[in-house]
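Now for the letters of each chain:
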Amino acid sequence: MPKRILKIIVLGNASVGKTSLMTQYVNRKFSIQYKATIGADFMSTEAVIDDDRITLHIWDTAGQERFQSLGASFYRGADACVLVYDITSARSLTSLDVWRDEFLVHTGGKEETFPFIVIGNKCDKEEERTVEKERAELWCKSKRGKPIEHFECSAKTGQNVHEAFLHVTKLALEQDTSDAQEVFIPEHIDVDHDTKPDQGGCGC
Amino acid sequence: MDEPIGTETVEDQKRWVAESMQKVKQAHYRMREEISRKNLPGVLKEAANMLSELKTSLLSPIHYYELFNLVFDHMQEVYIFLRGIPGDGRVKRQIYELVQRAASLIPRLYLLIVAGVVLIETDSVPKVEVLTDIIDMMKGVQNPIRGLFLREFFNRMVKRVLPDAPAKPVTEEPKEAEEESQEIEGTIEDSIRIVLRNFIEMNKLWVRLQYAQAFTLIDKKKCENERNQLRQLVGTNIIRLSQFENINPEIYAFSVLPVLLNQIEKCGDRIAQQYLLDSIIHAFPDQFHFLTVDTLFGVLSKLKPGVVISDILVGLLQRFVTFLNNEDTYPEGVRLCSLLITNSGLVGRVKKQFEERKLMASQQGKEFAEDESTLLSKYNPEHPCFVFHVISFYVSDVLSSFNSKPQPLSITSTLKIFIALLAFASNVTHFNDDTLIDDIFTDIVGVFHCNHIESVCEKEELTLLRTLLTTPLKVPSHIFTVLAMRSFTELAGFLSGRARKDLALEIAKTLIDCGSENIDTIEKVDNLLTFLSPVLIGKTVTVEEIDERDVQSIASGVDAVVVEESDEQLDTELSLVARCVHLVHTEDPNILYGILNAMKRHYERGGPQRTPYTLPPLLFAILRHTACQEKGGDDHSAWTTQMLELADQVIILYGYVAPRRSLRLFLECARVADSCPDQTKMTYHFLTNAFISFEDHIVESKSQLESLYCMIGTIFSLTHMPLEDYLTASKRVCMLSLSLMRKSDQCKALCRSFHLFYNAGSLITKGFPDEKEEFQGKVENKGGQCKDVEKLLKWIKKTAEVAMYERSKRLCAYQILCVVNQCISVCKRIERVEGRSDNYSAVVTEVTRLMEEASRASAVASHDRPQLKGIVDADPTVEELSYFIRSCEEEKNKLTAEKTEEKVEEKVEEEVEEKVEEPVEKVEEDLKEEE
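Quick mapping for you: the protein sequence lines, in order, are chains A and B.
Just so we're aligned: the first sequence equals residues 1 to 204 in UniProt numbering.
Just so we're aligned: the second sequence equals residues 1 to 931 in UniProt numbering.
These aren't lab readings, by the way, just hints derived from the structure by calculation.
Where hints are given, some of them may not hold.
Covered stretches of chain B (chain A as the covering partner; in silico rule of three or more C-beta atoms under 8 Å from a C-beta of chain A) [stated by the list, open to error]: (1) 63 to 71; (2) 233 to 239; (3) 276 to 289.
Calculated pairs, DSBU-like style, for lysine-lysine (alpha carbon to alpha carbon, straight line, at most 35 Å) [claimed, not checked]: (4) A:110 / B:14; (5) B:45 / A:35; (6) A:110 / B:159; (7) A:35 / B:159; (8) B:405 / A:125.
Ranges of calculated distance between the beta carbons of each label pair, as one might list FRET restraints [as the list claims (entries may be wrong)]: (9) B:516 / A:106: 52 to 62 Å; (10) A:106 / B:517: 53 to 63 Å; (11) A:134 / B:304: 47 to 57 Å.
Predicted, not measured: the structure shown is a model, and the values here were computed from it.
Every residue, glycine too, gets a C-beta built ideally from N, C-alpha and C.
Model the full structure from these sequences, guided by the hints.
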């Protein structure tokens with residue numbers, strides 16, 4: 001039975017529009033107001049792929065590190081990762097390397113096989129563009145394994161947003177079925193084994 | 001609880017979390033089996049087993065979070081399973097009741113939350129009631145870490161069911177209708193109430209952690225560390241609040257912010273205050289903050305000591321900037337600000353402060369210069385910098401309230417806030433109003449004085465202060481305005497030595513890089529150079545101090561105040577600063593004079609170490625401007641004299657340090673003075689100075705000769721000098737030539753000197769030739785007016801005498817040839833002016849005679865002709881000679897057609913031709929032999 005909940009993590013620098021993309025995808029809405037995401041938050045939505053109803057948990061993260069005080073352990077168990085940059089900021093593209101590496105370190109995913117996609121957001125601001133599409137595509141191809149799919153989207157107009165998320169969902173599903181799932185095989189129970197001190201829970 | 005606190009290690013933590021996660025996985029495996037069997041009690045039992053792991057007290061927040069995230073992911077399966085159980089609200093309610101039978105508290109509450117959400121999602125269930133029920137029950141967990149995570153779980157789970165419908169308008173509707181309208185769905189107001197309740201509880205747990213652990217042996221630092229890690233959980237509530245779609249500025253200002261701020265203020269905890277304010281500022285839209293400026297700033301002054309207020313203020317100001325920088329939102333900002341003015345009674349406070357200042361001034365007997373109406377006009381929405389003034393008022397209000405506390409703000413914090421304020425001013429007003437910068441700088445100076453800070457030395461503070469000072473200097477057109485501000489120089493004075501100098505250099509660099517010639521008043525140059533004084537003088541001193549110090553250092557004989565720098569450093573720094581002279585540009589000659597004079601005044605303070613770098617560029621600037629000004633009028637004549645006198649003073653100053661170089665500068669001045677027909681007196685004056693300088697300072701024979709060449713060249717090119725003066729000067733040069741130590745030098749000098757007596761008809765080039773272009777096209781037949789052939793012949797003879805004095809025959813012949821060579825070019829000039837006149841013939845006769853002498857000398861030495869050739873070879877002018885010989889052949893026959901001469905001629909010709917074939921090495925060898 002394939003997992004019916006898929007966990008997708010959205011990463012990228014501060015104010016590239018991670019939350020906006022998610023809001024556009026999940027609620028089809030856009031707000032011009034800037035609200036920084038503090039900590040980690042998720043949105044859930046449902047997608048229908050090949051007649052299967054799938055629950056998506058899309059995790060939004062704080063681009064500003066100081067707001068992620070508890071670390072990145074929620075990356076674990078992710079099925080796919082969306083890397084977001086801003087086409088008007090060249091630095092946001094180069095930072096993707098850092099985000100990707102950090103993600104792989106935390107999840108222990110394999111660089112070659114783990115499904116990533118890259119979204120260049122704010123493509124409605126064509127006149128302010130500093131990152132050419134070719135450059136971003138080059139970045140995507142330069143990674144080991146399968147070339148990463150690249151999308152230019154606009155959270156403001158909704159352009160390409162659904163296509164991008166649909167694609168990442170499919171990738172995650174493929175990953176989910178093709179990869180040998182982490183199947184838990186129960187061990188025999190060692191009755192005498194007790195290294196752990198008293199739990200000290202409140203006992204209630 | 002006998003927790004092994006204090007002895008646990010990182011490895012322990014890792015092992016414990018791994019064990020717990022293993023148990024969770026086991027339970028999860030069994031739970032999945034139960035799910036596939038659709039066995040509700042089994043699922044709940046295994047879920048409870050899984051959740052039991054969260055009962056631990058062993059894990060640190062980071063590891064607990066790890067475990068929590070795993071459990072959270074698995075609990076989603078429980079949620080989907082429960083949601084998928086067929087049946088209406090009644091069934092879901094039964095489940096909701098059922099989960100409450102779980103044995104221990106933690107699993108029970110987690111399951112309750114999941115079941116609660118499932119219940120709420122069915123229709124016809126009063127959402128708010130269920131949520132309130134859960135919130136009430138969660139109070140049962142009072143352990144901070146477990147409690148915080150439980151509530152985080154709540155926050156995550158209820159996100160999808162929190163009502164977000166717009167609130168019903170309260171007005172006009174009767175009370176019963178309102179009650180009726182409290183449907184099962186609920187409104188955003190209910191959600192806000194729920195989230196705020198959760199927030200208050202979480203904040204309490206979070207703050208309590210500090211005190212709960214204070215009893216145990218955990219050290220304070222570790223405790224604070226853990227609390228800082230946990231802050232993210234409390235922050236989730238703030239995200240929830242900010243993400244409601246229907247939250248509008250009014251709801252925020254009246255229902256959300258006051259509760260948050262009240263909690264922040266009341267909890268009295270430094271870490272909480274710091275983090276929560278920061279989060280509020282970042283999580284809510286800019287517009288909201290604008291509306292609530294008054295409330296926000298009101299809280300700031302009530303914060304606990306130790307809260308880094310600057311971080312909060314800087315964040316807030318940055319948000320304002322993004323809001324106001326946007327064309328779409330700027331009008332809204334102004335509107336909100338004016339709304340603020342009317343609501344907050346700000347004008348009243350401004351007035352009150354004004355009265356207080358007035359009162360204080362009158363008590364201290366000081367004059368009070370402020371004007372109330374001007375002050376109040378700043379807070380009028382019509383004022384172009386209105387928004388800035390309003391925000392700035394609040395900022396300074398907070399600052400003064402902090403500075404009146406026993407522990408005033410640190411310099412770093414103060415500077416950070418002012419940098420943000422300045423950035424705000426620059427972005428919002430683009431420094432349209434220069435007084436803003438002045439105001440800000442004055443304020444900082446005030447704060448520094450208040451805190452008895454005399455200078456800033458720490459690295460971080462220095463960097464900040466420099467950032468502050470350079471912000472308005474980024475626009476080169478602003479530099480002079482800023483430099484004119486007393487507050488700016490005063491503030492820069494707080495920088496310690498090196499940093500102050502770096503700032504000066506930075507300004508000079510910005511000005512020069514921008515390259516616009518905008519020094520056009522004396523005031524500007526005074527301000528600039530006073531500011532650059534650390535580079536120009538070597539120490540930060542104000543104009544008033546300089547004279548005093550000079551006197552002192554002269555009296556004590558010690559120049560200890562000036563920090564000595566390496567030559568290399570001086571070279572880079574001063575070369576940069578000296579280039580400022582090229583930025584001077586003004587149409588008004590008198591101002592121009594004033595500016596250059598002021599520069600001289602500033603530069604001369606640099607002392608012998610520095611003036612060599614600064615004075616020459618200044619001198620050449622003076623000369624350039626003198627030469628370039630349009631001529632005409634008595635005023636102009638007086639002005640030119642004035643400029644030339646200034647140049648004279650500059651050279652004299654420079655002469656103290658580099659006496660030998662001043663000679664050439666005097667000559668340069670003489671040339672420029674000569675280009676103005678009415679400045680003959682100055683020309684003569686400069687020549688005289690050059691002579692004096694020669695006699696006083698030029699002692700080496702090599703440089704004497706070189707200097708003489710320069711003097712000859714200069715005098716030769718003079719065109720406007722009265723003939724009498726000209727001859728005096730020329731004669732003087734000849735005498736000086738004669739006074740040289742070596743005969744050979746005398747000869748060389750005289751060879752050039754006698755030209756002076758016939759300087760008419762010389763080819764003077766106009767301007768500078770291009771790299772590739774030949775001179776010919778640009779040559780003009782100009783030259784001087786002296787045609788004194790009599791004196792010319794007299795000095796040629798004299799030169800020849802000196803030349804023949806040489807005892808070595810070979811050298812003697814060579815020297816005579818040199819004289820001949822020079823005579824030839826005089827001949828050419830005479831020919832150009834008067835044709836082949838008597839004068840011409842007279843000189844040619846002399847030349848012929850000399851050649852005879854030469855032949856006699858070389859004939860004697862004919863046994864070693866190669867040597868002679870060697871010497872001739874070393875002199876490139878010989879080519880000239882052969883040319884002449886060929887061209888004059890015809891003429892020569894006319895004069896005296898004696899055979900001996902022809903022989904000499906042939907001989908010379910031969911020698912010249914042979915010379916070409918002679919290899920260079922050979923010649924060198926010959927020369928050695930001779931020695």
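Check the structure against each numbered hint from earlier and tell me which ones fail, lowest number first. 5, 8
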